[in-house]
Structure formats: C-alpha cells, structure tokens
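We have chain V; now place chains W, G and S onto it with these hints.
As given, the protein sequences belong to chains V, W, G and S, one line each in that order. Take 1 as the starting number for the first sequence in our numbering and just add one per residue. Take 1 as the starting number for the second sequence in our numbering and just add one per residue. Take 1 as the starting number for the third sequence in our numbering and just add one per residue. Take 1 as the starting number for the fourth sequence in our numbering and just add one per residue.
No false leads were slipped in.
Pairs involving identical chains hold if they fit within one copy or between any two copies, as the list cannot separate such chains.
Cut-off 27 Å, straight-line C-alpha distance, at most; resulting in silico cross-link-like pairs (DSSO-like, lysine-lysine):
1. 253 <-> 325
2. 253 <-> 354
3. 354 <-> 187
4. 359 <-> 187
5. 359 <-> 66
6. 40 <-> 361
7. 29 <-> 125
8. 334 <-> 253
9. 125 <-> 327
10. 29 <-> 251
If you're looking for bench data, these hints aren't it; they were derived computationally from the structure.
4 protein chains.
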Amino acid sequence: MTSSKYREEKMPKPNDSKEIMDRKIEHLKIPLEYDVQHSKNYFNDIKLIHHPIPEIDFEDIDLSVKFFNKNISAPICISAITGGHPISKEINEILAKAAEEENIIMSVGSQRAGIEDPALLDSFKITREVAPNIPLIGNIGIGQVSDANFEVANFTKCIEMINADVMAVHLNALHELVQDKGDISYKLFRVNFKNLRESSKVPIIAKEVGTGFNEELALTLDKLGFDGFDVGGSGGTSFAAIESKRNHFNKQKYTRDPAEVFREWGIPTPVSVIYVRNVSQKLIIATGGLRTGIDIAKSIALGADIGGFAYKFLQSAWKDRKDRKSKSISHTVKEIRTLKNELRSCLWLMNVDKIDKLKGKRNKYVILGELFKWLHQ
Amino acid sequence: MTSSKYREEKMPKPNDSKEIMDRKIEHLKIPLEYDVQHSKNYFNDIKLIHHPIPEIDFEDIDLSVKFFNKNISAPICISAITGGHPISKEINEILAKAAEEENIIMSVGSQRAGIEDPALLDSFKITREVAPNIPLIGNIGIGQVSDANFEVANFTKCIEMINADVMAVHLNALHELVQDKGDISYKLFRVNFKNLRESSKVPIIAKEVGTGFNEELALTLDKLGFDGFDVGGSGGTSFAAIESKRNHFNKQKYTRDPAEVFREWGIPTPVSVIYVRNVSQKLIIATGGLRTGIDIAKSIALGADIGGFAYKFLQSAWKDRKDRKSKSISHTVKEIRTLKNELRSCLWLMNVDKIDKLKGKRNKYVILGELFKWLHQ
Amino acid sequence: MTSSKYREEKMPKPNDSKEIMDRKIEHLKIPLEYDVQHSKNYFNDIKLIHHPIPEIDFEDIDLSVKFFNKNISAPICISAITGGHPISKEINEILAKAAEEENIIMSVGSQRAGIEDPALLDSFKITREVAPNIPLIGNIGIGQVSDANFEVANFTKCIEMINADVMAVHLNALHELVQDKGDISYKLFRVNFKNLRESSKVPIIAKEVGTGFNEELALTLDKLGFDGFDVGGSGGTSFAAIESKRNHFNKQKYTRDPAEVFREWGIPTPVSVIYVRNVSQKLIIATGGLRTGIDIAKSIALGADIGGFAYKFLQSAWKDRKDRKSKSISHTVKEIRTLKNELRSCLWLMNVDKIDKLKGKRNKYVILGELFKWLHQ
Amino acid sequence: MTSSKYREEKMPKPNDSKEIMDRKIEHLKIPLEYDVQHSKNYFNDIKLIHHPIPEIDFEDIDLSVKFFNKNISAPICISAITGGHPISKEINEILAKAAEEENIIMSVGSQRAGIEDPALLDSFKITREVAPNIPLIGNIGIGQVSDANFEVANFTKCIEMINADVMAVHLNALHELVQDKGDISYKLFRVNFKNLRESSKVPIIAKEVGTGFNEELALTLDKLGFDGFDVGGSGGTSFAAIESKRNHFNKQKYTRDPAEVFREWGIPTPVSVIYVRNVSQKLIIATGGLRTGIDIAKSIALGADIGGFAYKFLQSAWKDRKDRKSKSISHTVKEIRTLKNELRSCLWLMNVDKIDKLKGKRNKYVILGELFKWLHQ
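Isolated chain V, as found in the complex (with noise of 0.2 Å):
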C-alpha cells in the first residue's frame, strides 16, 4: 500500500507489530511532553449569548443524549486514544472504568494491531470487561478497508473484540503521509466499504482525526451509508506535529520536513461542524481542540450531536496510571465531571434546559475573528 517509488523505506520490518507498539507509545507520551497543538484555536471566535434568567433548575438540566440505541448521561465522548500495548491497555482500562462509571461514551484506538497479534488483543478487550454498558465505540483505519486483501471479517473481528455498538473509520490521510511508511493508497476504499456496510449490523461513522471533513466529501460519505460523523477538524493536537517531533525525518531527501510544513493543515473543527452539518442530518460528533464544557456547547450550537475529547483524557489518565497500585481512575473521572459541570452551566446559563433546544441554533451565539471571515467566503 505504501507509494514506495515517491517514499523512502528507512528500514527493513522485521517486526511490524514491535514498530508499531513502538510508535503507539511515542503518540501517547508526545502530545504530553511537547506542545503539538495546532497554533490556532478558532473556538475562542465564537462566543455564546447569556441569557440572565434561567428559569430551569440547575440540576434539573437534562444532559441526557440517546447515541444510537443506548442511552448516555451527556454528550460526551472519550475520543480514540490508544491500543496495542501493554501500557495502551493500561489507560484503556482506565477510561473505560470511568467512562462506565460516568455512562459516557468511549472510542478505542485503531484495532489493527489487535488484528494483527492477538498477544495485542487483551489492550482492546479490556474495554469492554471494565465497561459492560457504556457505547464502545471500535476503530478501523482507511487504510485497512482500502487494503485490497480487506475483508469482512476482520471487520467482524473488531466488533466482536470489544462488543462495539459503534464502529469508526478513521480517515488520517494527513498523518499517513507524514509517517515514514503511512498507508495512503485509498483507491478501493469505496468498493470495499460498500461490502462493509452491507454486511455489518453496526452504525459505521467516518472520523476525521484533525484535518476536518469539507462539505463535498460529507455529503458523498452520508449518501455512501454512512450513519454520522467524527468531525476531527483542526484546532486540537496535530498529528503532523506529532511526526515532526519523532524524529524521521530524512534529511538526505527533503531540505524541508513534510511533517513541519503540513503542521497547520486543515479545516478547522467549527468550520467543518457547519460543513457537515449544511449537507447532512446524521450524527456529528465534533473532536479537535475542544477544551470545557463550554466548546461542547459551542459545538452543539453550530449544529454538532455529541463533543469529543482526546488531549484532557489521555492526561487525566496518564495521571491515573501513575497511581497504578490503587487503580485509581479518580483523574479521569474527575475531567468527565468537569465537563458535565461545565456543560451543564453553559445550558443553565443559556437557559436552555435539554441538549436538544441547544442543537443548531443560530441566536444561540455570534462569530467573531478569524472564524467571521472563514464563514464569509
């Protein structure tokens, strides 16, 4: 699959599932150690009207969403993080606790690796063992549905690993560019995602991973059958940047790393919330530099279902994960808390009393800065 005449190969792989552990760890502790967000956050150009009356109570507030056939306290999800490794397994376990405790949604990272070595799996399974009933949401990349050996069954394979009611395809083409050895020949992706649809019971959505979906591509996904949206626009951690600080670049062949020249790319979250959201009704999850509550409900304002977190839970966990004797998860529970917190007074604020009167609401908030312009063209 790789575009090996235009990329180089540094090295021979003689153990494809150590390099990929490898690199899982690396995606985990950078965005920790370096700043790899992008350097604009267009979330702070939209700001929402108070309203000075609530005439609601505060905890009378219904956070309360229906995600596909499951019920969740708030519309919330822990985004996909990690898997495939014995440490991914680690923080696996503790968002899945919390999401559980919390009754929030959960997305595992990409289920490639749980494919490829089952010594792997139990870093998936562990999920649904410590979360029976929350919506797990499974993950496969485009560049395993557009391998031509795809086939169904691995598919198959990824829900039945941890009981997904939800599968994700995550559409990282930026990010495969940039890695040394990315998967980015895409071609068979719609012959083999038709089969897909046709033969899986699960809801598929598209996500987007921090490059954001245009409204073109939206609209031909939604007709493709697929039931939602991970919008995953820019604004939050760049995985562009992520590869620029793992340190493969090769200097021999390029005076610039692609990796530092792409590091901005991208549509940005709230722009691409509007873009899916003009061209299609299905579920929109928005992810990429949401920060509080607050941008869950900006988010939901410009028409997005459910607000998706990556960055705060991956360093909620990681401090959990250092009390490992306890197996506290009281971080990560504590950041879903805040978040509800946070939402719950935005809606209180707003005087707006379910999620749903919030939903796309245009005299809900106004557009400012670099975002007017953005949606002036």
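Same frame as chain V, now just chains W, G and S:
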C-alpha cells in the same frame, strides 16, 4: 435553593450573616488588589464623531436628566457596590454624601443582609440619612425574589430601609453559580415578581451585574412590567474572576475552577445596550467597563440614558475612607466632577447641548474592531 | 471668553503675551522631545496600486498645481508651526526661505501674538520678507474670530502682516479645551465670520489641527463661504498629548488629566479627507500624520489637493537653526526635495503624469485594516 | 536613459560592465546575508480545503504540465536569479543542471551584461550547455527594450545565447528607480515591443520582479501580444530593501532613503495573480513570496499555471557552490524534489489528480486576514 446534588457544601452554616459579611469584604478588597476586570473592553471599539466648531458654550451644556420623578445633575449613577458590614457603612456614607453633594444617582448593594440581620441595617440606612434628596436605588437579588418563602413585605422593607426611589432586582446568575453556595433556582421568579409588581409603588429595574442582557429576555422583562434596565454587560469587573481569587475552588471535585472557565462569559456592555434598546423604550443604565465620561457619552449615543460606575467609585471611596477622621469625601466628589467634566467635554466637542440630542444617534459614532463583527451577524 | 465656572484659573495673568510666548516655545519643544503623536496612523491602511510600466519620463511628471491664484512647484504645504517668539522668528525665517527656494506653500502659526504685542510682529513679518513670491497662509484662531470684541481690522492686520495670499481660521476646540485657559466660546463665530467673509478679499480656509472635520460641518462651512479646508485629522501630533506633557493638570480638581483622556480623540486624516470631499468640491489640504511623499499621493487619491506637514518641518528647521551662523536652510530644503522626489516616484510608479489625474481616483488605491471599517458603517 | 536632472550621478562610469558585475554579486549576497523579504506574506491568508479521502494514489498524481511546446515534470520555475559574472556562471550551471535533471523550467538573469560584454557570455551560455532539453527563459529588461538604440538583433542574440524557448521582459521600475543609475525611461517601450513582437518567433512574457501587475496593465499587455505573465508580486525579496542595504543612499540629497520608503511598495502576489487572471487567459507564473509546494498549489488554485522561486534556489545553489570540486547539485535537486513532494502532497490531500483540476477553482480555498479586504474593495 442551593442545588445541593451538583454543588459542594464545604462547611456548615453556623453563622450565615457572619459568612455573608466576610464575603462582602472580600468582594470589596479583591477588585482593589487584583486584576479582576474582563480582558476585553469594547468601548475602545467605538469612536465618537468630532465636531470642530462647538456653537454652544461649555457651561451652557445641560447634563441634567430626569431619572423617574427626580432631576439629577448628570446621567451618572454610582452603581451598587456594597452593604451589610461596618466597612460597607463607611463606604456607603462616603458615596451617598458625595452623590448628594453632586446630585447624582446612587445604588446600594444587595439589601439581603439588612433584612436577615437587623444589626446590619445601618450600613444601608446611612445612605438616605446623609443623602435626603437624590434618587436612591434599592437592591434585592433574583435569588430572594425567586424564593418559595419570598414575601412582598421583605421588598417593602428594602424600600423603607433607604426610602428608595427605585428598586433594582439584580440578576447575577453566573456569580451565584460560581460561588460555593449560590442561589441558583429562579423558577418562581415570574410568579413572585408579578405579585411584587402589582403591590409595589416604586419603579423596578432589572439589573445585570457583568454578563449583559440578550434581546429576547429584555423584551420579556419589558412586558413583565420592569421599568428599566441596568445592563451590566461584560467589560468591567468579572464576578467570576473575583470568585476565582477567593480560592474556594474544590480541587477534589473538578479539574478546572468554574470561576476561571467562565471568567470572560457574557455579552459586552455596548452590545447589550444596543440589544435592549432594539426591543424596549424604557430606561437603560449602561454599566460594565465604563471608565471615563467619554464612555458615558458612547453609551448614550448607543441608546442608554445613564452611565453607571462601580469600580471607579469603589476606588475613590476607599481612598476617602483612609482619611476617616476628617470624614473626607473629596476623592469621590472629585471622581464625579471628573466624569461630569469629561462628559461635558465630549458633548461640547460634538456640539451637542443636551443629553437627549445625543441619545441613540447613529450618526454620532462609528464602530470598529470586533464590536463591528458582533453587530454584523 | 474662558468658561471660568468650569475651568481652573491657576494664576493671574500679569503678562499675557509673556505667557503665550513661553507656551509657544513649549509647543515647539515638546513634539521634538517626547512622543506626542497619535497612536494610530491610518495612512498605513491605504495601499496605492502599482503600475509596472510607467510610460512617462520621471522628469516629465508635472507636480505643479495651482493654489488659488499662484502656481506652486508641488502640492506641499509647510503647515502652521509657530510665531510670536524670537525663536519662532528664526524658525519662520528658515521655513519661509526654504519654501521660497522650492516654491511651495507656507503657513504661519497663530498671528494673535503679533496683533496683541507689536514687539512680536517681526516673527511673522520675516516670512514675507524672505519669501516674496510663494503663497503664504495667515492664521487666526476661532477663539479670536468668535470674540465679542472681534474686529475685521484685526483680520486685515493679519493679512497685511505677511501680505497673506490666503487666511486660515484654525479650529482647535480640543486644544483650547485641555489648555488651562482656553478660548472655548464660539457662539459668535458665524456672525463674526460672515462680516469677515464679506469684507475680506483673500480666500479663507477652515483649518483643523488634529481632530478632523465631519461631513456635516464641512458642508456647513462650504455654504458659509469658506474657500477650502485644511483637514488636520488625527494621526500626527496630538495637541492634547502636548498639553498632558506640559504638566499643568490640576490634580486637586480632577482625578484624570483631560489631556490624557482625550489624547486620541478625533477623526483620522484619511477619513476626514473623504468626509470633506463627499460634500464639497473646494480645496483640501490634507494634514495630520503625513510622513512621506507617498502619504501626499495617498491623500490626493482620496480627494485632497495638497499635503501639509508640520512635524517633519519642525524637525528640519530645528536642525537648520542649530547651525545659526551659517543661516543654513539646507535641512529644510532637503526635506522638501525628499517629499517631492517621493511624490514624483509615487506618480511615476502609478504611471500618472500630473497631480490632477490622481485626484480622487478610487481605482488607484485599496483600503485595509480598521480604516476599511471606518468607511463601511 | 537616466533622468539626470532628478537623479544623482555619484561617479563616472569608467568600467560599466565591471560595475554591473559588482552589483550583480551584491544582489546575490545581500538576500543571503540580510532580511530583505517583504514584511507581509499574504500566502498565509489563504487556506486550501482538505479532502479526507484521496481516491487517487500518491504516485499517480500527475504534476506534469505543458509549458508552451515542452512538457515539464511539475509546474515549477527557477526564477531569474543571476548572470554576467564568474560566480553567476557557477550558480547558473548548478541551477541548470538541477533543472535538467528534474525537468523543470529555468530562467536566467538579465542578459544585458552578456550582450554588452562578450566576456560574460558564458555565464549565460552554460545553462543551455548543461540543460539541453528543459525550457529556458531568456531575460531582457524593460530599460533595454525601451532604449532609443534598441535593436531586435539584440533580442535575437539573447535568444540565441541560450537557445531560449521563451523570452521574458522584466519590468523592474521600482528597482531601477531606487538604484543610483537606473533605466527609468520607458516611453519607447510600446513601439519597440511591437517590432520585437512581430519579428520574434519565441513566446514573450512580461515579468514583474516584486511589485506585481494591476488589472489594467495586464489587459493592455495581453492585447499588446504578450504570451504570458510572471506576476512577481510583493511578499518575497524586496529589491528596494536590497538597494537600501547597498548603502548608496546619498544623505546629502535626501532626508530619507527612497529604497527604505518604498520597501513595501507593491501588489501582493496572490492579489496580482487574481488581477491578471481576471483579464487574461494567458500563462501565469506566480512568483514573489512562494516558500513551499503548498504555495504553488495556492497560486494555481487562484488561477496561476506555474509557481516560480528565486530566493529558495539562490539558497540551494549557494550551498552547492561551496562544494565546488564535487560539482554537486544535490541541494538544488533536493529543493526541487521537496517542492514537488509538497505540491503532490497538497494535491493528494485535496483529492486532485492533475494540475488542471485545481487551476482557478474557487471552491478549493478560503481567503482570510487582510487579503480578504484586498479582494473586497
């Protein structure tokens, strides 16, 4: 009234009024010692239009306006600052004496303490004692009006306490929310207010305290029988910022201090003045981020009737108080005269001889910066 | 004429012209020693449109324009700087000699001192003595024209003092206001001006000094019989800033120095040029924040006829004055030549062979930044 | 041709080509040693629209375009850098070899030196010797074409010198103006060009060098028979800035260096591409401030055909030259490959499989910042 299920109860309430008293002193001192002002002040985005040949004499400019049934020398209001503490009494005495000397409006802080603890009554009563003639605005909180045990008699007590010309119901939802034991249940507000409205002989205004009115609620309150608005938009003191300095954030419960997260929440004062004037012809006091007499002129050009100042007068009164023996009010009087001189200068430089001729005149100003975008949604 | 009720009287007036003299020297020195320029210069928001193939020869570009009944070599005016002091005489001699050598316009400072104290006459008269041919603009203040004792004879004296080609009535309301004893009563202005207008044979222009004309007044003055405008908008020297440096602020009376509070008051020069041209076809001198010959070209493209400079020529004359013995005027001549060369370069780079072809041409420039918003209200 | 009346003649011209030679070396070294780039680069205000699922293989993307009658591997041009000096010969040899190896376009610097001094011919000839196949663009200045003694034979000599595929007439009015002895008389340009046009068999393009085309002239040149445009707008190297570094400013004559005053003069490259495309369907090379292959893609989306780079290739060739013995061209080849990889990456991330499908597509980008205002006049 506290939403106990969602909000912490750090300590028992052995001495409720003692606690309120301490808080009141913190509310006075924190703005004097820390920067708790909103980070953006949109008054800078308004430019008044200079007129090179004033054809009126400076001293002939008539700053006087009618405030309900009293005439005042200038459209200036000492906004609600304090009450309910021996130091508050000193402050209120200074402010009221100065207001009387200069014949402007004065508001007292929330009178709740005075009702709950007769020992604190004199901190309010002092204002009318030293200011027999000026309009005094009494002050009761939305929390009290919304209380199941609310009695019109308490409202009447407030009026009588200072022989109030006007009563303000302060709407401080955000402040209550981020305090540790805030009153955040306002379901009974409409019903109780209707009773109040029917039985009350004095005008009643709705007073925001730093987060501003939106158009929809302004229209509702106008129809509900309010006689005016003190817009209190964002731009000046942020009560959330004050609370974040009070360090009562429970780190065990949340990862982020709600008072920090909501520090900048709210509708900017100039926007809120325009919103309210768009839907109501009733009195508007513009408060929140006014710093000079130029800002009074800007507010009036946008449609307000009066400019209100709390922070500036807190500063001046605190200076006067240091010189206790002499019973000095000179700093506060000087501040009032400075505002008058600045406002008069503005009017003169715009060739406007009375306040009415400036009010709501679109051709007297231009709007720049982000404020331009707020108003072009 | 001073509004004594509202303005302080710091000291008696033992020697009025002595005091004026001292002030005049401060007005010269403060801009040279402190930053008293407006904080924003909107000329930077204008971009002239480059033309890659000038089809005219550089030396064939005709910068000459007619200024009333005289021809000048370029649309450049040495704006009113000084008069009424021995040092002013030196400065005026330098400026007038250089203007004569380069055949451009020169204005003198307020001639009031010359009328009130014959001993100071020569500081004005020197200009015509050394510059027999160029257009000289005399200068009288709105305060004097508005005086109850105003006599047309005084105006005539001003003309005769320098054999003025044109008289300017300077409108310096803000400056007078923030000075300690300003003339701020202009009620008689219209009546007195009409007498003046009828009896005067020379053209009379209205001259703002840093706060600009609005549209409404420009139309009024056009109809009242003024023959042109020196717009003097904000962007250059702020007289309020000068006054705030003179430290005459009475801290006993006000909490803030009015000169500080109104430091940035005014309509920016480019905006004011457009305002005036919108309503009048008479002569416009653009003054206030012009720094180079490019700014002259920008002013003319916006609709002005002439570019005026005070600060640049104050700097050059001060340098020339240091070399007193040699009676050097070289710095000032060099500044004029620099402005001409820059203006000629601009015209050449826009393929414009004479000033008229640039005047008011909307297709020769674009407007960016905050200036864009000023003009889109 | 020099406008001697207005421009200084610092020294005699004992050895004209020697002087040109020295200047040429300064023109190479100054951009390498000082910051002489324009202060604003408007390419940052353009955002390309990401497409999450490229359905083409990376290696299948066809970057090749036709450049007049030759095919090149990618729309990349090494813009005119140098010629007429032994060091220029080295640089040109490196650039031409690399361009040949990568099959892209190369332009030579002004060929005037080669015509005037046969000893300098080889610095140009070397390009065709080492690059027999690629499109080479010859280069003659507007000053020479406009010369009264201009002969078509000289133009033919330029073509023959390098067997040029295309000739560029560079329009460097600002540069000539701020040089001490610039050619600034272009009155004969149209007449001479018509002769040239009729007799020349190769296509001729009009080349700006950092100040950009306006719409009006672009239309004129299209009709006059030019076959294309090298827009050379502002954003990259400022020749005025180079001249200000050369320290030939005559302080005795002017108070400000014209090269400093006009440092930022010009139309930004993205604006100029749009201006030209608005009125002409002919070839456009976008030069001026392009830094990466992303900027090529942006230029093409705006309507250009080719992206040109001088500064980047000056840097790469200078590095190659340091390694003279090895006759290395590796840095330059690497730069070309980097640009190609970045451009290909862009196309892939936009799901565009050939250059034509991106060209002038308004739905492929958004415009932010000040560029938004340039385009909304």
